[in-house]
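> These are the residues of each chain, in order.
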Amino acid sequence: MRIIKETHFPFLSYRWIAIGISMTLILLGLAAIIFGKGLNLGIDFAGGTQVTIKFHQKPDLNRLRKTIARLGLGAPVIQRFDEPTKHEILIRVENPKGKEGDFTRPILDLLNKEYNGNLGKAFDLNTGGVRELTHLLIQLDPDHVAADPETMASHYQPMAAAVMTYRKDAGIFSSLKELDSIPKLSAPVRAALKQHCAVGTFSLLGAQSVGPAVGSDLREKATLAVVFSLLGMLIYIWIRFQLPYGIGAVGALFHDVLITLGALAITQREINLPTIAALLTLVGYSVNDTVVVFDRVRENLRLTRGAELQGLMDESINQTLSRTLITSGTTLMVVITLYLFGGDVINTFAFVLLVGIIVGTYSSIFIASPIALGATRFRNKMKRRRREGRRRKR
Amino acid sequence: MDKKLLWRIVLIVAVLVVSIVGLYPPAQKIHLGLDLRGGIHLVLRVNTGDAIKAELDNASQLLISQAEAKGIKLGDPKIEPKALRFVVPVPLNVNRDALRQIIKDNLAQYKWSSGVGEWTFTLPKNIARRMRDRAVKEALNTIRNRVDQFGVSEPRIQRQGIEGDRILVQLPGVDDPGRVKDLIGRTALLELKEVIAGPASSRQALLAKTGGQVPPDAEVLTGDQKDIDGNVIGKEYYLVRRAAIVSGRELRSARRSQDQYGQPAVQFTLVPSAAHKFAQFTGSHIGTNLAIVLDNKVMSAPVIHGQISDQGIIQGSFSVQEAEDLALVLRAGALPASITYLEERTVGPSLGHDSVVRGIRAGISGLIIVIVFMLVYYKWSGLNADVALLMNLVLLMGAMAYFGATLTLPGIAGVILTIGMAVDANVLIFERVREELALGKTVRSALDAGFSRAFGTILDANLTTLIAALFLFQFGTGPVKGFAVTLSIGILASMFTAVFVSRTLYMIVLAKKDRVESLSI
Chain A
1 MRIIKETHFP
11 FLSYRWIAIG
21 ISMTLILLGL
31 AAIIFGKGLN
41 LGIDFAGGTQ
51 VTIKFHQKPD
61 LNRLRKTIAR
71 LGLGAPVIQR
81 FDEPTKHEIL
91 IRVENPKGKE
101 GDFTRPILDL
111 LNKEYNGNLG
121 KAFDLNTGGV
131 RELTHLLIQL
141 DPDHVAADPE
151 TMASHYQPMA
161 AAVMTYRKDA
171 GIFSSLKELD
181 SIPKLSAPVR
191 AALKQHCAVG
201 TFSLLGAQSV
211 GPAVGSDLRE
221 KATLAVVFSL
231 LGMLIYIWIR
241 FQLPYGIGAV
251 GALFHDVLIT
261 LGALAITQRE
271 INLPTIAALL
281 TLVGYSVNDT
291 VVVFDRVREN
301 LRLTRGAELQ
311 GLMDESINQT
321 LSRTLITSGT
331 TLMVVITLYL
341 FGGDVINTFA
351 FVLLVGIIVG
361 TYSSIFIASP
371 IALGATRFRN
381 KMKRRRREGR
391 RRKR
Chain B
1001 MDKKLLWRIV
1011 LIVAVLVVSI
1021 VGLYPPAQKI
1031 HLGLDLRGGI
1041 HLVLRVNTGD
1051 AIKAELDNAS
1061 QLLISQAEAK
1071 GIKLGDPKIE
1081 PKALRFVVPV
1091 PLNVNRDALR
1101 QIIKDNLAQY
1111 KWSSGVGEWT
1121 FTLPKNIARR
1131 MRDRAVKEAL
1141 NTIRNRVDQF
1151 GVSEPRIQRQ
1161 GIEGDRILVQ
1171 LPGVDDPGRV
1181 KDLIGRTALL
1191 ELKEVIAGPA
1201 SSRQALLAKT
1211 GGQVPPDAEV
1221 LTGDQKDIDG
1231 NVIGKEYYLV
1241 RRAAIVSGRE
1251 LRSARRSQDQ
1261 YGQPAVQFTL
1271 VPSAAHKFAQ
1281 FTGSHIGTNL
1291 AIVLDNKVMS
1301 APVIHGQISD
1311 QGIIQGSFSV
1321 QEAEDLALVL
1331 RAGALPASIT
1341 YLEERTVGPS
1351 LGHDSVVRGI
1361 RAGISGLIIV
1371 IVFMLVYYKW
1381 SGLNADVALL
1391 MNLVLLMGAM
1401 AYFGATLTLP
1411 GIAGVILTIG
1421 MAVDANVLIF
1431 ERVREELALG
1441 KTVRSALDAG
1451 FSRAFGTILD
1461 ANLTTLIAAL
1471 FLFQFGTGPV
1481 KGFAVTLSIG
1491 ILASMFTAVF
1501 VSRTLYMIVL
1511 AKKDRVESLS
1521 I
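Chains as they are written, first to last, in my numbering: chain A, 1 to 394; chain B, 1001 to 1521.
Think of the hints as simulated: they come from the structure by calculation, not from any bench. Errors might be hidden in some of the hints.
[What the hints assert, rightly or not] To give a feel for the contact side, a few chain B residues facing chain A, derived at Cβ under 10 Å:
| # | residue |
| --- | --- |
| 1 | Ser1253 |
| 2 | Pro1302 |
| 3 | Val1303 |
| 4 | Asp1354 |
| 5 | Ala1461 |
If you're wondering where the values come from, they're calculated on a predicted model, not measured in any experiment. All C-beta atoms, glycine included, are put in the ideal place defined by N, C-alpha and C.
With the hints as constraints, model all of the structure from the sequences given.
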């Protein structure tokens, strides 16, 4: 099978149109970053405390917002997480300026007071941990083990763990009846749990807290990672090819990163550490694509000395076109499955790659070569001038 | 079969066997990161300034008490921890030589200068640095002890940077962040101190008995005021001698027990040397109060009824759990300085569980799509690429198991991405072979040319991606580092499978035939 037969598109003739389109996209992105809402820096870089919570019924977001506002930590971000039917909520608050500290506890205490006030002293199966539950069972001793603490712990700990494993798989207990479906529990233990435990309205899925010191650290490291990998590639291509090609490849990279950042700003997706990882992957991917084209240009230059560069570049792009599209296609297929089915946590990661691969493929065809062509012509002009200057001096 | 081919097959089989053996059993060999298995990730800072302040405090007290023993009365010291020094007012008429001798005997490591009316003692910078370093190391040890007692499997507790004051703590599978943080973060310094006056209901009332002034060798501490049933009803003030008779570092053991009302309490035993000191003190102070101080809070101040040698009990309104935790931290030792939490990440196990299931599902669907596409597009050659792709995955997982790398959520994404990019090398080769065939070359020479020409391209293209991955590894943290590792290994593995393995597969197929008319590509 063959999708693309031999082609002879004069890609570089359209370079000004391509550059025009790209500049528009970049400027739109920059405008969104500078004049619009800007980049939505996530907790990794902006700092703060973020708590993910699962309710067993659809929560009232307004009530939640009012509850969290009592913390007095500025406007909290409260949004749905994952599919709406899962009733998962993400709560984020900022740290008071320059102050270290984690607000997971205060947030949970507030929520407990607001939503679980009716539980009294009963043990909440949705917020308790394995050790606490083991302790409770040891104190109640429904199986009448009545031995030293260690024997009792080894008797009750597996049961407590089974209860927590059930919660882990289900996400939340919605009623005490669910205890019946945990086979590991002995009948007296089940009865005792039903008597002494309660089911709170929410369970904690995750919590993150990044203080200002670590936040600025992470920002610095992410910047360094991006800058150094760009530099590293520029130098590598400079050595393996020539400086104009290095400029072409890195120019295309800037193009891809800027457009992707713009897309992130417009869609207001959060930028966290995995997002930076995705950006750097895109950098690697895009340069990979460009190098394949340049490699062909280099080979053709060797074969046909003295040929006109623009036509030769066009021919090289056409020769590698089917490879470029197939590789982008297969990678894109994988990224699309990741985007659609990978879940909320890697969704932004997949989004960056999705945009990046499309833009990266476009730029390795329409942007990298024109820049390399322009840089080569500029270099040759400078050389000629220098030569003429020398001649005149003589 | 020709020797070269045989050698190639042996190498490939060997690599495969090593990977599979290294990978078996997968559940134990592939470490899941915290984001996948659930757990707690903490970064904390040891406030080493505390250790410096404590040292300056102790040194100034030592100087004053030694001088007093020689009949020299010094003023209240002024402690300046930031400047690493303390200043002591010295009356002009004192015996300076005697004072010099005391300093020489007791404060040898300090640099000091005598001014008019006050002497300044400075801790040299290198000694302060060593103290800070020691404080971090001690904190690291203490935290390790506490976590060990807590019973977490595969904890990771390490210092960040060689000279840094940050400690990273990772506890997989722990589901109760609040409790762990209390357990780790508590200073847990137990001190037994002599009560000079108190308890009183306010600071003024307390100091009224001593003329409104806190004596230089004493301090005011507070504790909870309780009714007969042990309920907290207010605050009480105590004036206690600053120097502790015995401190928590001299504990031999601590365990949960009950006080005389049947309330949970913590019982402790002292090491022999401290027991001796304690017996001497209690023997000569019968009838006075003894303050049991935990982290600068008076827990109780019982009357000394007789000589006590090596046992004591800490009372408070503890729950069973709290008493147990307190006994645990006392056994593990006190932190040399307070700590501040800089970063905390808790992943509930269900979030991690969900991510794994979805990530793997997405990966498998992506893999199937790519495999089918290659088969349709390149026919039998596509099968060749698919075999190489699967082997690439086995190598990747094997290498990760071998290096003890951790699989994180971005890491799974990295594996999935590798699937997409791994076929790239094969695509490059196949497209090249098609071009060579179109030029009218024979199958064998087209394959030769395709593989050798494409190799240069593959090398350049993959090395640039590797550069990005390396910097990601260098500057990345946590999950991102895991991603960089999978990506790097994936790139290297794909170069081996796409170039070497694919080539060998062609050689095996073509070896039997003398003349090859066509290639399924």
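> For every hint, state whether the structure bears it out.
Consistency of the hints with the structure:
no.	hint	result
1	Ser1253	16 Å, violated
2	Pro1302	27 Å, violated
3	Val1303	32 Å, violated
4	Asp1354	7 Å, holds
5	Ala1461	4 Å, holds
Checked against the numbered hints above, the structure breaks hints 1, 2 and 3 and satisfies the rest.
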